Each structure stands twice: as structure tokens, then as C-alpha cells.
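Reminder that position 211 of the sequence shown reads as 216 in our numbering, one-by-one numbering, no gaps.
No farther apart than 27 Å at their CA atoms in a straight line, the calculated lysine-lysine pairs in the DSS-like style are these: (1) 227 x 247; (2) 251 x 27; (3) 151 x 94; (4) 27 x 218; (5) 242 x 227; (6) 218 x 135; (7) 135 x 251; (8) 151 x 27; (9) 242 x 151; (10) 94 x 27.
None of these hints come from the bench; they were simulated from the model.
All values reported here derive from a predicted model rather than from experimental measurement.
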Amino acid sequence: MKSLVTLALLASALVAYSEAAKGTLVIVGGGTTPSGLHRRLLDLAGGTNANVLVVPLASSSTSDGAPSVEALRKVGATHVSAIPTNDAKSALAAVRAAEVIWFPGGDQTRLMAELNRLGVVEAIRERYAKGAVIGGTSAGAAVMSKVMITGTGDAKDGKVAPPLGEGLGLWSGAIVDQHFVKRGRETRLRAAIQAHPELLGVGIDESTFVIVKGNEFEVGGKSTVLVLDARGGGEMKRTELKAGGKFELGRE
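Could you put the whole structure together from the sequences, leaning on the hints where they help?
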């Protein structure tokens, strides 16, 4: 009985977190970051005085965060820094103070391992729930969902799901895939959704992004976003969106 009560409380907490989240997600499909997107991050957070934290932990080289820091400074960010990588206490303090958190690309499995090593995963979720802007590209896009395509394998025949892990869970109702058209990843996303038909599949091509706010997302950038929806049962619905297109999340 005690275990059932605990599970019920946990489920209630997760629902409350999902409903209460006030933040915005900015998710880029890799490749060249679209022009103007870094400034858009700042505007969504209230302007150039927003406290911005770059988290380049998807790469073994922490210097990979330097281009993002410089790009944000060029568009006017006055408070931007990279997360401390060797001091968990300082890393946690930096996350808790951030109004914008940006994840550059690399390896999403490595990124999640490093975030867990530093003990900042729950703090990132809390910042999103309280209104922070959370963005990322490539591997930084993949970690936005709870069910995460790890990038360590593929599903060639569309019948066996690619290797899946656990991401940040900020977009709990979706599975995000990136470099989508460029690397021909519709097959693997279909397989992932067949394994998790309760979730939306969102495939974002390079130099393309979605901004998720409330119960919808909007598309921007040069290419397309593909949404795969099997939530209603029956045949999987396929919706392709270009810049300016919007998608109502419904049961998200």
C-alpha cells in the first residue's frame, strides 16, 4: 500500500510539473544555427540583460562552448558564461541563476551523463518550470524529450526502435530527432514512435528550429519539421511544416 501511495504522489507531481511549466523551448535540428536565433533567445527571456548559461557538455572539449558564448555576446548579451565543469556546487548555482540555458551539439548520451555527474538535471527542470528559456542544437535538441534517441544506433527497417535513453524530459510528450532530412532519419523516428505511440515524433532538419510554448510550437529556419502522430491509434499521421507553420499539441 505504501508503494502505491508513493507512486500516486510521484505521478501527481509529474502532472503538476507538466501543467505548471512556464518556460519556452527553442530546439534546433543541428547544422548552421539560423540567423537571428541567438537574439531570439534573449528576446524570449526579456532582453540582452538576461543571465545566459552555455552548457557545452555534449563534447569532450569544453572550448566548444566558446562559439556560442561569442555568438550571444555579438547579439548583445551582457551576462553570458559557460557552466563550470569541475565544480558541481558552482555548476548548480549557475543553473539556478540562469534565465537562458543553451546546449551546443555533440553526443546526447554524453551530455546527459555529464549533467547527471554535476547533479544539475533537476535544477534545469525547475528553471524551465519557473519560466526560463531552454534551447539547444543537435545533441542539445535530442535531450529535450524524456524518451531520447541516443544516437548510438539506427532502425533501418522501421520495425525495431533505435536505442533509446532518458533525456531531460522538458518536452515530455514528444520524441525529438535532429539532422532529420539531411541524414534521412524518418525511418528511425517512425520506429521510435511505434515503440511509444503515446508520444509525438518531431523530426527537425538542419538550420531549422521549433519554439515550444504552452500547448503549441512554431517552426522557423530554412528547411522543414516533420510531426508523426500515432496517439489516436490507427495509422500514423504525418504532418510536414515549414517556417511560420504552427502545430497544436493537443494532449501534450
